[in-house]
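Asks: The residues making up each chain are set out below.
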Amino acid sequence: MQYTLQLVQGGIGNLAAYLAAHVLLCLLPAFFIAGAMAALIPKAGITRWLGRNTRYRVSYPAAAAAGSLLAVCSCTIVPLFAGIYRKGAGLGPAITFLFFAPAGNILALAYTGSILGAEFAIARFLLCLLFGIGIGLVMALLFWRDDAAHDARTDNLFAGQTRMGTAAIGLLLSLIVLLLAGTLKVAPLNAAIGSLTLPLPWAGTWQATLAAWVPFDAAKGEEGVNVQGSVLIVLLAGIGFTAWKGLEDIVEGFNRWTPIALGLASATLIVAALRLAPTGDALEVVLTGRVPAVAAAVAAVAYFARRLGAEELRAWLWESWRFVKQIFVLLLAGVFAVGVIRQLIQPEWIQAAAGSNTVLANAVAVIFGVFMYFPTLVEVPVARMFLDLGMHPGPLLAYLMADPELSLQSMLMVAAVIGRGKTAAYVGLVALFSIVAGLLYGAWVDRVSLGWIVLGLAAFVLALVGALAWLNGRWPPLAHST
Amino acid sequence: MLTVKILGPGCANCRKLEAVARDAAAGAGIEAEFVKVTDMKEIMAYDILSTPGLVINDKVVSSGRIPSQAEVRQWLAK
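Line by line, the protein sequences give chains B and D.
Residues in the first sequence are numbered consecutively from 2, following my numbering.
Residues in the second sequence are numbered consecutively from 16, following my numbering.
Quick caveat, the hints were computed from the structure, so don't treat them as lab data.
No experiment lies behind these values; they were computed from the predicted model shown.
Don't take each hint at face value.
[Stated by the list, open to error] From the structure, some residues in chain B lie toward chain D, with a derived Cβ separation under 7 Å: (1) P80; (2) A83; (3) G84; (4) R87; (5) V252; (6) E253; (7) A316; (8) R323; (9) Q327; (10) A417; (11) R421.
Ideal Cβ positions, reconstructed from N, Cα and C, are used throughout, including at glycine.
Turn these sequences into a full structure, and let the hints steer you where they fit.
Replies: What follows is the structure, given as C-alpha cells:
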C-alpha cells in the first residue's frame, strides 16, 4: 500500500513539475503554429513538387518539406503518405515523407528542444532528414520495378497552385518569433530588467506547502513545483475550461468564451516569462527581457490574426484546438506514467543495457522503440527519463528515431497502403539506419574526431550501395526516377 | 433521399465533420443517409488530397477542412 502510494505520488509529482516547468512557453505556441500550418499552408503549394514527372532531386526534398510543414499526427501522415505514393512521385518520396514527418514537424522539434536540449533537437532533425531521404532512395531502388509498373494515373491532384496571403505568413512568422522568444536561453532574454516586491506573506508558506506536496529528489533528475508553477497550473486549467467552451464550436463562429480563452492563453505566456521568487514574507516579481519580447510577439500574433479572413481564422483556431485535444491529453497521461515507471527502474539496469555507445546498446534501444508504442510526442519525456537514468545519448537518439516511425499500429496502416513485403523492407531499413544514426551521434558526443565520423558514414553508405548493386544485379538504375 | 459520405480514417476532424453535417441536415429538416468511409483505398478513390472529405450524392463538396453548418445546408439544398 505504502509502495503504491509512492508510485502514484511519483506520477503526480512528475506531472505537476512538468506542467509547471516545461509546457507553456514551448508547447502553447507550438500548438498554435501546428494549427496554422495545418489550416493556412495550402497543401497544393508543396505537393505540386511531388507530381509524377518531378525529378528526384526536387521530389525528395519536397517530400521532406511536406513532412515538416504539413503533418503532425498519424491522422494526417497516413492519408498524405498514401496520396504521395499512389498519385504522386511514388514509393521513394512517400517513404521519405513517412519517416521524416514524426520527427521533423514543429511540435516534435520544439518539444525535443525544450525537454532534451537544442543539440538533441538539431541532431534528431538532421539525421532524420538525411536518413529519411536515404531510406526513401533505397526503397525506390529496391522496388523500382513495382514503382514503374504501378498505375499511371493523372497527377491533377498534385498540380494545383495557390499562394498564402500576407496575413497568414505574418501570423506564422510572429508565432515562430513567440516560440523563440519564449524558449531561447540567451542573455538578453534571461537578464533581469526590473523587479517588483509584492507584500504577500503567504508566498513563503505556500512554497513550503508545495515542496511538501511534491517532494522531489534532484539527484534522480526529479523536479519540484514552485510558486510560479502553481500559478501556471491554475492558469492552464482555466485555459482548458474556457477553450472547451469557446473553441469546440469555433467553425460556427466566435462565442463569448472564445476571447476569454485566447486572452487567458496570452496572459499565461506572459506570466510564464516572469520570474516569481518568494523571499521571507514577500513575493519578488522579476521582470526579465523575455517579458517584453513575449508580449510584443503576442501583440504581433493578435495583429495578424485580426487581418485573416473569418474562415481562415476559424480554421486556424479549430486546428490548434484539435491538436491540443488530440495530443495534450495523451501527453499528460504519458508524463504521469513516466513518473510512475521512473520509481520502478533502477539506474543500474539502464547503464548496463545502454550506458555506452556500442552497436548492441543501439540495437537494444531500437528494439525497445519498435515494441513500445507511445502516442505522438510521449517518446520525448520517456527519452528524458532514460537520459536522467544514465542512458548514453547515442542509443537514446537511436531510440528517438525508431520509436515514432515504427510501431505496430503504424506498420499495419502502412502495410495496408504498400503491402507486406515493402513494409518489411522499410522496417528493416529504419532499424538499420537508426542504429547507425545512434552510433554516429554517440561518437559525436564522445568527441570522436569528425574525420572518423565522416569516414564511418562513408563506409556505411558504400556498404549499402554495394548491397543494393548486388541485389539488383547491376548498378542502381537511378534513371527511372528522373 | 440524399446520401452523405464522410471520408476519413476516424480521426478527430472526421468525427467533427460528421457532427456538423448531421446537425446541418437535422437543422434544415432534410433526411439523409450518413455513411462513414474509413478504408484508405476507398477514400483515395475520391481523388482528395487530405481528409476529412465530405461527399454528397457521390460528389466531393469539401476536403481537408471542416465547413460550417450553413455551408453544408447550402450543399444539401442543391
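Asks: State the violated hints by number, sorted upward, taking the hints as numbered earlier in the document.
Replies: Checked against the structure, the only hint that fails is number 11, while the rest are satisfied.
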